[in-house]
Amino acid sequence: DSSHIQIEQRPHKLNIYFQKTAQKLICDSSFYDNLKNTTLEATKISKKDILIFLPGTREILKAQSVLSPVLPAMKIEIVTGSMNLAQQKKILNKTESYRRIILATNVAESSLTIPETDCVIDSGLEKIVVREKKMGFSKLETVRISQFSSTQRAGRAARTSDGYCFKMWHEIDERSLPEQKKPQILSSELYFELLLLSNLGVTDFLNFSWLDRPTMNKLNSATQQLKKWHLLN
Numbered sequence: 023d024s025s026h027i028q029i030e031q032r033p034h035k036l037n038i039y040f041q042k043t044a045q046k047l048i049c050d051s052s053f054y055d056n057l058k059n060t061t062l063e064a065t066k067i068s069k070k071d072i073l074i075f076l077p078g079t080r081e082i083l084k085a086q087s088v089l090s091p092v093l094p095a096m097k098i099e100i101v102t103g104s105m106n107l108a109q110q111k112k113i114l115n116k117t118e119s120y121r122r123i124i125l126a127t128n129v130a131e132s133s134l135t136i137p138e139t140d141c142v143i144d145s146g147l148e149k150i151v152v153r154e155k156k157m158g159f160s161k162l163e164t165v166r167i168s169q170f171s172s173t174q175r176a177g178r179a180a181r182t183s184d185g186y187c188f189k190m191w192h193e194i195d196e197r198s199l200p201e202q203k204k205p206q207i208l209s210s211e212l213y214f215e216l217l218l219l220s221n222l223g224v225t226d227f228l229n230f231s232w233l234d235r236p237t238m239n240k241l242n243s244a245t246q247q248l249k250k251w252h253l254l255n
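Each residue of the sequence shown is one higher than the last, beginning at 23 in the numbering used here.
These aren't lab readings, by the way, just hints derived from the structure by calculation.
For each residue, glycine too, the CB sits at the ideal point set by N, CA and C.
Don't take each hint at face value.
[As the list claims (entries may be wrong)] Across the chosen pairs, the derived CB separations fall in these ranges:
(1) 67 with 235: 26 to 34 Å
(2) 235 with 118: 44 to 52 Å
(3) 51 with 239: 41 to 49 Å
(4) 173 with 44: 37 to 45 Å
(5) 39 with 218: 35 to 43 Å
(6) 40 with 252: 23 to 31 Å
(7) 235 with 34: 34 to 42 Å
(8) 112 with 233: 24 to 32 Å
All chains should be modelled from the sequences, with the hints used to inform the complete structure.
Right under this line is the structure:
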């Protein structure tokens with residue numbers, strides 16, 4: 023027999039702060055000046071680690087060079103999807119009492135839980151792969167996150183105690199964020215995905231249990247193109 027257990031737990035309070043200016047889609051010098059000032063403000067009210075979401079590795083390294091001189095007492099660490107498991111565990115398993123600033127891509131949005139965090143600074147940006155039709159190749163493009171991602175990121179600040187979230191955009195910008203992002207695989211050319219599946223021994227792409235299923239035409243087109251390039255037989 024199954025039993026029903028009800029656990030009453032008051033959610034931790036999450037204080038959200040917006041900018042007085044509109045969101046920037048370009049990470050230029052004024053963006054990093056704003057990030058620096060926002061981080062300095064956050065350190066005054068935060069008691070634990072501060073998690074900063076940035077769109078990519080290049081922006082993370084630039085932010086590190088901007089923040090290190092003005093916050094010498096805080097250790098700055100980096101979390102990206104390209105790091106191996108051992109590197110990620112080293113950051114997640116904090117053993118010392120020093121406060122940290124953690125610069126992360128959206129891998130820390132839901133894939134990883136960083137303990138001892140009570141403050142999030144969200145750039146509101148992420149990088150996605152976009153197919154350049156005229157040139158025939160893919161590129162990374164910086165875009166605004168969705169409302170769902172914004173909620174996920176902010177929630178990282180109040181998992182174990184009351185928290186704070188600084189959103190680097192105006193409150194009006196919040197209303198125009200897309201509700202959810204379209205799954206990236208639906209806009210992918212599928213070449214990499216099909217080669218990966220083939221390498222894992224999967225050859226029936228049409229009947230594979232896709233989480234978000236591409237169209238049959240797209241699967242057939244990608245398969246035929248890979249065969250023309252002699253990458254599949």
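Taking the hints in turn, this is what the structure says about them:
Checked against the given bound of 26 to 34 Å, the beta carbons of residue 67 and residue 235, roughly 46 Å apart, lie outside it. In this structure the hint that residue 235 and residue 118 lie 44 to 52 Å apart at CB holds, the actual value being about 46 Å. Between residue 51 and residue 239 the beta carbons are some 45 Å apart, a value that agrees with the proposed interval 41 to 49 Å. Take residue 173 and residue 44: their Cβ atoms lie about 20 Å apart, and the range 37 to 45 Å is violated.
Between residue 39 and residue 218 the Cβ separation comes to about 41 Å, which falls inside the hinted range of 35 to 43 Å. Look at residue 40 against residue 252: about 54 Å separates their beta carbons, and that is not inside 23 to 31 Å. Residue 235 and residue 34 have their C-beta atoms about 38 Å apart, which keeps the hinted 34 to 42 Å range intact. Between residue 112 and residue 233, the C-beta spacing of about 30 Å keeps the proposed range 24 to 32 Å intact.
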